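Each chain, written out:
Number of protein chains: 2
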Amino acid sequence: MKIGMISPLEMPVPPIAYGGSELVVSLLTEELVKRGHDITLFASGDSVTSAKLESICPHLLRGSDRDKGILTMLNVVSCLEQADRFDIIHNHTCFEGLSTAGLVKTPILTTLHGGLKGDWLTLFAHYKGWYNTISWSAKSLLPEKERFVGVIYNAIDVKSYPFNGSKREPYLLFLRRICYEKGPHLAIEVAKRLGRRLIIAGNVDSVDEEYFRTQVLPGVDGDLIQYVGEADYHRKRELLAQAYCLLAPITWPEPFGLFLAEAMACGTPVVVFNRGAAPEVVRHGETGFVVDTMDEMASAVEEVYRIDPRDCREHVERNFDVPQMVDDYLAAYERILSESRSPIVTEILTGPGRPVDSGIELALDAGGSDRVAMSKN
Amino acid sequence: MKIGMISPLEMPVPPIAYGGSELVVSLLTEELVKRGHDITLFASGDSVTSAKLESICPHLLRGSDRDKGILTMLNVVSCLEQADRFDIIHNHTCFEGLSTAGLVKTPILTTLHGGLKGDWLTLFAHYKGWYNTISWSAKSLLPEKERFVGVIYNAIDVKSYPFNGSKREPYLLFLRRICYEKGPHLAIEVAKRLGRRLIIAGNVDSVDEEYFRTQVLPGVDGDLIQYVGEADYHRKRELLAQAYCLLAPITWPEPFGLFLAEAMACGTPVVVFNRGAAPEVVRHGETGFVVDTMDEMASAVEEVYRIDPRDCREHVERNFDVPQMVDDYLAAYERILSESRSPIVTEILTGPGRPVDSGIELALDAGGSDRVAMSKN
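First to last, the sequence lines map onto chains A and B.
If you're matching positions, the first sequence starts at 1 in our numbering and goes up one per residue.
If you're matching positions, the second sequence starts at 1 in our numbering and goes up one per residue.
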């Protein structure tokens with residue numbers, strides 16, 4: 001299949017440190033190439049890929065003073081201008097890809113990596129292509145709209161995470177970008193209440209500096225509560241694999257949460273607030289605990305010893321590893337191509353008034369092991 | 001000719017008060033309809049036009065909390081998605097039209113109403129359509145690029161401005177949006193130095209409130225220096241027609257300056273700083289004075305009695321009235337259509353290495369009376 005893959009430009013593909021979308025784009029692209037597909041990746045020029053790389057800007061945009069809006073749009077347009085070369089275009093940007101999709105004949109799939117509100121919903125209503133979300137939670141926040149190809153969960157390269165099935169260090173771990181939405185201030189509160197050691201690792205974006213200074217740093221004493229800065233590739237795996245558990249007191253509807261999968265891949269249980277996709281990613285009582293209150297979070301930490309690290313690892317291997325994600329995207333591409341070729345047949349098959357996607361969505365979800373069961377409980 | 005006309009959405013077409021682009025779009029659209037062309041206007045829903053109106057948002061966006069970027073893009077895309085219906089598309093937006101022009105086959109003309117810098121120049125370099133500027137000054141600030149169809153000056157509906165050929169009031173007038181770029185603080189300085197009365201009329205946008213409060217208001221004493229707020233349609237004409245002269249101490253390269261033409265249409269001389277298009281719009285010594293320093297501006301005000309109001313009016317009638325502007329745009333449309341039909345012939349005619357536009361640009365400029373002579377001195 002000839003595929004135009006459009007990445008955001010915030011980070012190169014794969015990202016240097018954090019950059020969830022670019023990581024997923026990289027894993028998907030490399031596996032598709034490995035399976036013999038012809039991929040052209042539209043991404044920043046410092047990306048490393050076995051696909052053909054096309055770049056309208058040489059370096060990642062995060063932290064640069066270049067105009068992100070203009071360059072991201074040019075990146076999308078440079079793909080759309082050669083749309084005839086591709087069987088399908090897979091768009092991972094939001095505004096730029098959603099707004100322009102109706103201008104080319106090649107079918108477009110947009111993966112919605114984040115949420116939409118306000119006039120973004122107006123934009124979404126006008127969008128002419130297909131779309132998927134990365135969780136049922138993310139789907140539930142959107143209005144009904146045709147051309148939904150299903151939920152396709154994000155993936156990590158599980159084998160790149162060390163599994164620790166034996167002795168662990170006693171510290172709790174917070175490992176994410178430091179911002180209000182991820183809740184490190186709440187992690188501090190839980191750790192203090194329990195008198196347990198907490199290690200906080202993560203970068204601080206400039207917009208979050210005041211939050212970090214006023215709500216996180218005052219709680220850091222260098223003893224019980226430690227802040228170790230941003231963890232690189234190896235340090236992240238080391239911290240994850242040794243932790244007693246990962247604390248994820250998220251304060252917003254996280255659309256997926258790659259970091260939850262990363263922890264579980266290392267055999268590390270997760271204690272997470274019941275927001276967004278958390279109950280889809282973490283199996284309550286099997287790979288961690290999905291809780292509603294601070295009290296419950298504190299109690300759950302004391303129950304973490306009951307979780308078997310092997311269950312954590314196996315859960316991620318079964319549901320959030322690269323081959324499954326790529327199977328799902330390929331099935332979505334095939335479905336889109338078949339619908340684009342014969343829109344009338346599709347309409348007859350699905351019947352009037354019934355969402356075009358419902359039948360095939362089930363097929364998609366049923367594709368791998370226990371992935372359907374996971375989606376609702 | 002079937003034309004898709006894309007307006008910005010900041011103001012309706014025509015604008016309620018200030019809104020230079022929307023005013024030009026309105027005058028152009030109405031005259032094209034009058035001449036029998038089939039125009040579809042893509043503008044805010046509160047626009048009033050004899051063309052077909054298509055709107056993706058019901059009201060103007062200035063002062064609203066809606067997302068201007070998303071809605072302006074949807075406005076452009078709603079035109080481009082039906083591009084096949086039009087012989088030509090005339091785009092008056094910037095980012096949205098420049099970025100997407102390469103995605104449709106219908107030729108697109110963009111009128112650059114403002115300047116471009118930074119990554120806007122990257123965007124401009126990628127732009128696939130034709131373009132015009134509204135002055136030679138604006139053209140001189142752009143890099144060389146093919147598909148330039150020439151300078152087409154903005155126009156006003158001259159007959160809607162009252163001509164005053166006789167007695168005038170002794171006040172100097174500043175009539176524009178109140179902001180640093182237009183220089184009302186310098187107008188105050190000139191008036192005070194001369195001991196002459198100054199009337200300041202204009203709206204203050206929220207971004208300019210601090211400038212207004214700290215650099216304009218302290219100079220307003222209600223006697224020698226008066227601020228009368230925003231002037232509506234009639235009050236504006238009254239103020240312009242009665243003024244001794246218009247003071248325009250602009251501090252930036254104004255790409256055209258409709259307000260200069262409006263004053264001269266009333267027979268009112270203009271004293272303006274030599275920036276941007278000022279020397280193209282005002283004839284030094286004939287319709288006002290184009291000066292370089294505050295001293296020169298003060299001296300020039302004392303020479304204004306030498307200017308004949310009839311020269312001012314006639315200058316605007318000859319060069320900045322609607323029929324001339326519409327003639328120029330129609331000539332540009334015809335040229336673009338002929339170039340789009342036979343790109344190879346055009347290339348042979350203009351020869352390798354020579355800008356595609358140079359020959360025809362002259363023809364365009366020579367089209368009306370003394371419009372070429374005016375462009376440089």
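Possibly wrong hints are sitting among the right ones.
Any copy, or any two copies together, can satisfy a pair, since identical chains are not distinguished.
[Unchecked claim] Within a straight-line C-alpha distance of at most 16 Å, the following computed EDC-like cross-link-like pairs (lysine to aspartate or glutamate) qualify:
1. K105 <-> D84
2. K105 <-> E81
3. K117 <-> D67
4. K68 <-> E10
5. K117 <-> D65
6. K159 <-> E31
7. K68 <-> D119
8. K128 <-> E189
9. K117 <-> E314
10. K68 <-> D321
11. K236 <-> D205
12. K159 <-> E238
13. K236 <-> D327
14. K2 <-> D87
15. K145 <-> D221
16. K128 <-> E144
17. K117 <-> E144
18. K105 <-> D327
19. K105 <-> D321
Just so you know, these hints were derived from the structure itself, not from any lab.
Just so we're clear, the structure is a prediction, and the values are computed from it rather than from any experiment.
Given a CA cutoff of 16 Å, do K117 and D67 count as a within-copy pair, a between-copy pair, both, or neither? between (23 Å within a copy, 11 Å between copies)
Should K68 paired with D321 be assigned to within, between, both, or neither, using CA atoms and 16 Å as the limit? Intra 31 Å, inter 40 Å, cutoff 16 Å: neither.
Go through the copies and call it for K159 and E238: within, between, both or neither, with a Cα cutoff of 16 Å. Close inside one copy (14 Å), not across copies (78 Å); limit 16 Å.
With identical chains, the pair K105 and D327 could be close in the same copy or across copies; at 16 Å between alpha carbons, which is it: within, between, both, or neither? The answer is neither: 25 Å in one copy and 36 Å across copies each exceed 16 Å.
Pop the pair K68 and E10 into one bin, within, between, both or neither, using alpha-carbon distances up to 16 Å. within (8 Å within a copy, 22 Å between copies)
Treating 16 Å as the Cα threshold, decide for K128 and E144: within, between, both or neither. So K128 and E144 pass the 16 Å test inside one copy only (14 Å; across, 36 Å).
Is the C-alpha distance from K236 to D327 at most 16 Å within one copy, between copies, in both cases, or in neither? Neither, since 28 Å and 67 Å both go past 16 Å.
Please work out whether the CA atoms of K68 and D119 approach to 16 Å or closer within one copy, between two copies, in both situations, or in neither? between (19 Å within a copy, 9 Å between copies)
Using 16 Å as the alpha carbon limit, work out where K145 and D221 are close: within a copy, between copies, both or neither. Cα proximity of K145 and D221: none, with 50 Å in one copy and 60 Å across.
Classify it for me, K117 with D65: is the Cα-Cα distance of at most 16 Å met within a copy, between copies, both or neither? between (26 Å within a copy, 13 Å between copies)
Could you place K105 and D321 in one of the four classes (within, between, both, neither) given a Cα distance threshold of 16 Å? neither (32 Å within a copy, 43 Å between copies)
Please sort K117 with E314 into within, between, both or neither, judging by C-alpha distance up to 16 Å. Neither: 35 Å inside a copy, 54 Å across copies.
When the structure is compared with the earlier hints, violations turn up for hints 8, 9, 10, 11, 13, 15, 18 and 19 and for no others.
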